[in-house]
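*Asks:* Residue-level listing of the chains:
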Amino acid sequence: MSSEYKYDEQGIFFPVFLLVGTSCCVLPLTYSTILGPSASKEKKNVRDPFQKYRPKDLKVQRKSIFRLRYIFLILGWLAIGFLSYKIANSRLKLNIWDPYEILGIAKGTSVDDVRRHYKRLSIKFHPDKVRNMVNTTREEVEKHYIEITNAYRALTDDKTRENYALYGTPDVPQHISVGIALPKWISESENSIYILGFYGLVFGIVLPYAVGKWWYGSRTYTRDHVHVDTVDEWFPKMETSLTLDELLSLFASSKELTSLVPNEKNPKEYILKLLFDHLNRKKTNNFNTHQILSQSDVVLNALLSVATAFGFANPVDNVLKLWQHIVQAIPLDAPFPLLQLPHLLMEDVKNLSIRNISSIPQFLSLSEEQTKDYLPNYSKNQLKEMREIANGIPRISVVAAKVLVDDDEYITVGAIANLILDLKCSYGTEVVPEVSTDGTETATKKDEEDAEKYHQSKDVVLGDVETLPYAWAPYFTQHHKTAWWIYVVDPRQNRVIVPPFSITDIPKTLRTFRIPFQVPPVAGTFSFQLHIMSNSYVGEDVISNLTMIVKDTSVLQEQLQEEAVSDLEDNSDIDESANAGKDFSDDENIGSDEEDESEYDPMDTDTSDGE
Amino acid sequence: MSDLRFLDLVKPFAPFLPEIAAPERKVPFKQKMLWTGVTLLIFLVMSQVPLYGIVSSDSSDPLLWLRMILAANRGTLMELGISPIVTSSMLVQLLVGSQLIEVNMELKSDREMYQLVQKFLAIIIAFGQATAYVLTGMYGRPQDLGAGICLLLILQLAAASLIVLLLDELLQKGYGLGSGISLFIATINCENIFWKAFSPTTYHIANGVQFEGAVINFVYVMFTWDNKAAALYQAFFRSGLTSSQIQLPNLWNFFATLLVFGVVIYLQDFRVEIPIRSQKFRGYRSTFPVKLLYTSNTPIMLQSALTSNLFFASRLLFNRFSSNFLVRFLGVWEQTATSGLSYYLSPPASFQDALIDPIHTLVYVFFTMFACALFSKLWIEVSGASPRDVAKQLKSQQLVMAGHREGSMYKELKRIIPTAAWLSGAVVGALAVASDLLGALGSGTAVLLCTTTIYGYYEQLQKEIKGDQYGLPVTPMMQ
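Residue numbers (this note's numbering), protein chains in the order written: chain A, 1 to 611; chain B, 1001 to 1479.
Check each hint, because a few of them may be wrong.
[Unchecked claim] Taking CB as the label site, the calculated pair distances span: (1) 1356(B) / 153(A): 31 to 37 angstroms; (2) 1353(B) / 86(A): 39 to 45 angstroms; (3) 190(A) / 1151(B): 42 to 48 angstroms; (4) 1464(B) / 244(A): 34 to 40 angstroms; (5) 1124(B) / 203(A): 33 to 39 angstroms; (6) 117(A) / 1366(B): 28 to 34 angstroms; (7) 1018(B) / 203(A): 41 to 47 angstroms.
[Claimed, not checked] Partial list, derived from the structure: chain A residues whose beta carbon lies under 7 angstroms from chain B: (8) 16; (9) 18; (10) 218; (11) 221; (12) 405; (13) 406; (14) 415.
Hint data in this document are derived by calculation from the structure and do not stem from the laboratory.
Every residue, glycine too, gets a C-beta built ideally from N, C-alpha and C.
Chain A extracted, bound-state conformation:
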């Protein structure tokens, strides 16, 4: 366009531009704050059995972004209000020629009325008729009369009327000037240094900084949101078996935790001390303990993935056990489930276990008198509270388990099988008998239907869902979501066969999970173990035997022969098929024996699946 852009000197148009700009940011943000997923996430309708007894000073983490967002929203709405007010009150003083105003009649008056009105006016204002020219000169009177006549003509003559409607004047089209709704000071030369500086700041510093932060930020954190240094610290220390104490010291050495106490000379020792105090339930009220606990879920989750990547079963088991101990604040050497109940002291728990009462169902099966007998030092209310809490703790139970290959009768080498688990949560004294498979299970009608449903959409939920309340963990100083990790191990080789898979919201009724995994590439009978470990409660881990009979593909020979008919197409893409096969064997090292070099790559680069 031409260089003669008119800037907004009167400050009328720029506010409009600003208003639209602000609204475009504020309106969607308001919508997402009020109706968005972040607001509807909290499900309020779940009854929390522990509500009455939860510690009142629970420190719920508030995200600071949330507060920032509200401040931004309020400022945004204030700006919108102010700009609207300003626009509505500033009328452009354009000399708009309005014939109706000159004649002093309402807009839209009919032609006849205009004519009549004009006649009346012309009698009054005609220069010949105006007598008392006291205050005005003759010229002025004439000018006024010409104006009236012009206005009259514009409203009666067809051609002028049309011109007026189109261009706003009775004359021919005017020059159109193009402007831009930006204030004048932007283009003024004395301000150019600031404008250029602003551009320089945005494109020279802010943009590269943002890109750099995004780029390098993605390299300093792993997929599990922990620092790469943490994983580097852990990885060389992974062993085929690790005790809870060893894992606790790994946990304490993570960068997430050590960075919380920057002033300590030996941060790891200090954290370990705090953690031991926590596990022994010493009341310290140390703020650092709270900070450590608030980080622990993320760090333990990462530790679990490192242990999984390492591939040995024992560290995986123990990470989950450590998690339970930290959440419940139970000493590592005293895994008594009854310590989870309120008020109950260590020595009483030990006494109970001597009487062979160590699990929660056993505790609950005692009659009230027996309880009082065994625990004479507690008040009636305290005992009632213990029972209520014990009744509210969910325990996962396997109702049925089997391993099936869809559409096939047998499990064949290298196939993709599904571990099908029917799970439920039991409460109180209910004890579900242990389930184990012997490899002879066959698909039922329901399994086939489930397979079909699952196949249609991977997100489908088979069975019921029941939102579980936060775990009962009074010493954990914050909310903790109850979840379980399911995985399959080969106890003979101490290897993880199916990596841990976390589930939550298990109902009292039944929910079915299908966990696909690859069958070992050799035929034979395999005795695996199914582990289901809680991340919140001690003493309710499920370990059941999982026997799998893997047959050679020759049992399906007839079927295969039928399928391998008529190979009309020439299969020349050899390298492609070879690649596809290689890809798969690279990715899945299931069943391959001792492999000291692990493939775990903290950088998350996709090196293993080359094209």
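Assemble the complex: chain A is given as a structure, and chain B must be docked to it using the hints.
*Replies:* Same frame as chain A, now just chain B:
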């Protein structure tokens, strides 16, 4: 190879054509995003850098309505936009589709040669177009410019086209996301739509001020006009400044654009899912989706490349030989085509115009739909999405259709895929026409290209986030 083939003619030039080396291993997603961003930045800078040596570029623009589709920007290095690439790929495809040149897509060497031919042709076309632009006086009369400047201009245009070509190749070879062409078109169009909705430019005329941006204008008139009903009407249906030729976008255009956007995304979900299972890994099941928009935006891109070149040629010829019968048959030009073939193949200017000249509308609608369907059909043959290619691809991964014998897989695919291709082309063509008639911002084609590209990126992002759930063999994906 006994006789000399067309493909072999390009072989001697192979060492001189610049080429991007394919990445040795898979590029991580974040790196791809970075590459894509850098590519886009280079492109955007190029479409802002003015050409050196222009006297004037204010003469009427024959390709104005095509600028959006070709991602071209007047008077800048991106004057040609992506038209050389699109034109060359269209030409080669037509030649292959009509069996004029013979390519065996199953041979790796042939596939490489095929790409080489495309690139070679694109460079030639870039030079040709640049020369034509300069010599026809787009930037002032060649006599005034002088030979040196003319040569400089041609070189600038050709070099810029070569850079775009390489940028596109960079993305396509796996360093970036999607194809460069789609990315550039989508960016330019988004920019255009955004500008038309929120432009702060004001037009001052005697009876008031109008903003260029449709949304901003709506806010302004609603605040300042006393008659709110009239203000609402003006915001929705203004057509421009009556006292001049300036067209201004209104809210109706804006909402029509959003509507087309929504419809395209809705249609993306229409698909036939062929259940497949693996022979190698028993129990593995997945689906092979055949979308309604199987060929996505390719047909409309090729169709617009065809018409744009036709119009350009017709326009040039008309300027030279305006009285020749054949030339007049091809198109009579004023500001836009007013009669002749070009007129019937160009979209009606508005809904009223479409009603006034129904023959024009009908010809345009049928031509667009038919051309798109045809291009779609040809495209699947060339791009390796034909039933035969898909069957082969599935087979090489030992995947078979559930409930079918392996041999019948090809037959089954042959039943579904060509139909999908025809339909895909026709639907895309119909959508382009519909959005033109509705008055979507920019042109219908442009909005369509933009939407399909953005949706493609969305899908890629989704795939990246979800990942491959359990490390199972990946479903073969199209494109």
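*Asks:* Going through the earlier hints one by one, which of them does the structure break, listed in rising order?
*Replies:* 6, 7, 9, 11
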